[in-house]
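> Listed here are the chains, written in short residue letters.
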Amino acid sequence: MDIIGSFDVKFLQIINEAGVCDAALLPSMEAPDLKKIFETMILVRTFNQRALSLQREGRIGTYASVLGQEASQIGSALALEKDDWIFPSFRESAVLISRGYPMWMLYRYWMGDERGMKAPDDMNIFPMSVPVGTQLPHAVGAAFAMKYRNDRRVAAVYFGDGGSSRGDFHEALNLAGVFKSPVIFLLQNNQWAISVPRARQTAAATLAQRAFGYGIPGIQVDGNDILAVYRATKEAADRARGGEGPTLIECYTYRLDDHTTADDASRYRRKEEVEEWREKEPLLRFRLFLEKKGLRTKEYEEEVAKKALEAVDKEIEKAEKFPPPDPADIIRYTNFELTARQKTELKEFGWEK
Amino acid sequence: MPWTKVYGNKAEFEKHLAGEPGLRGLTYREALLEAASQMLASDPSVFVIGEGVDDSGGVFGTTKGLHQRFGKDRVMDSPLAENAVTGIAVGAAVAGMRPILVHMRVDFMPLTMDQIINHAAKWRYMFGGKLNVPLVIRSIVGRGWGSAAQHSQNLQALFAHIPGLKVVMPSTPFDAKGLLKASVYDGNPVIFIEHRWLYEHMGHVPEESYTVPIGKGIVRRPGKDATVVGISHMVYESMKAAEELMGEGIDCEVIDLRTIRPMDTGLIIESVKKTGRLVVADTGWKDCGPGSEIITRVVEEAFGFLKAPARRVNLPDVPTPASPALEKAYYPGAADIVSAVKKTLGK
Ligand SMILES: Cc1ncc(C[n+]2csc(CCOP(=O)(O)OP(=O)(O)O)c2C)c(N)n1
Ligand SMILES: [Mg+2]
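These protein sequence lines map, in sequence, to chains A and B.
At position 56 of the first sequence (counting the first as 1) the number is 56 in my numbering, and the numbers step up by one without a gap.
At position 38 of the second sequence (counting the first as 1) the number is 391 in my numbering, and the numbers step up by one without a gap.
Do not take every clue at face value.
[Said to hold, decoys possible] Straight-line alpha carbon distances no greater than 30 angstroms define the calculated BS3-like cross-link-like pairs of lysine-lysine that follow:
1. K593/B - K368/B
2. K681/B - K321/A
3. K271/A - K417/B
Just so you know, the hints here were simulated from the structure itself, not pulled from any lab data.
Next comes chain A alone, as it looks inside the complex (with noise of 0.2 angstroms):
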């Protein structure tokens, strides 16, 4: 028989644990661009930390960190350009602070307020999807949409390991292939869905691979490493905007707090799992790199996690001084014009100003 066909996995790191890059691989960044990576990845730890804090207090409903997944998330949303759209699941803190959303608006979000996830005019950033993988077609759709106005921009979407088990996901992928559209699939292989194990979602030595199926590149990159997870990003995203089409970033990391507030992980998996994982994540090792770059002394960092508390402090104060919405609000947004029921019901619930 003749082969007709294979395909290579490929895995990308640039930064290992011991803080040691490979100068070959290393984007092109200054001294200012790495310390504003690392200045966002602080400010998105103390934004998470506090958030479960405010969890446990009971001043917010339940709350998905993203402890562990900072490389990931920050490292690809750093990667994209302005007006880029972005589709995020219920767990893209990171990547919306990342792109400067307001930490007052997700933390209003999180309080169970959904004014809190009207972006900013200026953000192409779509509601963060409870459901899982759904928002894999949108973006191949919104995609879709800037290739046919030839308007240069890409979507980025993310989603889980959980998610890659879904038809959408099979469907968003195979379509994205044909159209050829300009959009970036970002993978967070956080290796559990809940409760349910990484191998519990396909028997695939990789998720990277399901795109050779599709007709389309994929790749595995190291999701603790945030210049790996830059790179590929940026590469997936000039690619795109050349008219090559979309890509698949499978970002291999790790869920190191429970799902969300709602869950205790320690009830299905391992703690020694999780705390060789710890040894892992993405701030140890990006700190050992500024260090060795010589961009990391203490009076810096001590200032930087200062003033991430200060903003991140004066956030919650804006989110826990808003307004609660007016009752009207549950009526107004659902039709672009009322209902007649609606209209009754305005007037019956005594809602109507």
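Chain A is already provided as a structure; the job is to place chain B with the ligands on it using the hints.
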């Protein structure tokens, strides 16, 4: 009869228990767990499948420990693929199994509509009765905690529209256990809808295995002035409303519909003939919902007995808000039923 009683909460049940020590108290979640466990033990064709059914939380406790007892081949965790997993369950049912498929939230069921509506509901008809699809799909309505627009819908009306499907919504632990068994052995695909707020309710549940007939409602409280038909969680709100109205001398008959499709029209007609007034309290939206169907049937069959226009208590005509402040305003309860009943009485 102890099994026809609804108890507002655990404390109320325990009060009764003091007077009737023979009663066996189980919560709604325990009743479902017991039903599944008994069927798994007695029938090798029964299996449970769904996302996270082997999780130690066990779908709000309703499948807790089943995988340990019966093994992972019979209590199977599934990948995140709602439509495909539904199709797999449909295939297994046709091949002689009795799957209990769990979709944690009703909101995920729109992803399975092709399998349910175009396949499960139709096959028996299309293949001249040669195929059966004895499939039960358990699904849960969320409420509170910011479950919001995409995690707290009441979609019973969607399924109730489809010939070939049955739709049950038990409100008590006794009915939960008996209707689950009846659903597994019904032979048709049954959509079994639970409400998150029911899990902690307690009531009398006999230990032995039994069924509660699908398609039969039940009078929870006899009365003469107005008929209130409650569905699922709204049965409890209706009972509260009836009690409050009694304080004002208005005597309501409360019917627990239990099955949305096929509907127990006879029971409702009989009651309306007696009371002349009708209020339907459903957990979902108004348009084309069970309330529309009930009132239509009464109009068709007992129009002359209605002394006043019938009324409905439903959700506002929009999705569920996330904000706790809005959520509070959004959900109707006993007070809305009280005012609806009063309106039928011209008060
Ligand atoms: C369509 C759908 N099915 C099931 C769920 C319930 N659910 C919420 S999050 C989740 C796991 C998602 O896992 P993954 O895609 O790996 O993302 P992660 O939570 O790990 O970020 C599940 C099953 C849902 N929200 N939507
Ligand atoms: Mg995951």
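> What are the numbers of the hints that this structure violates, sorted from low to high?
When the structure is compared with the hints, none of them turns out to be violated.
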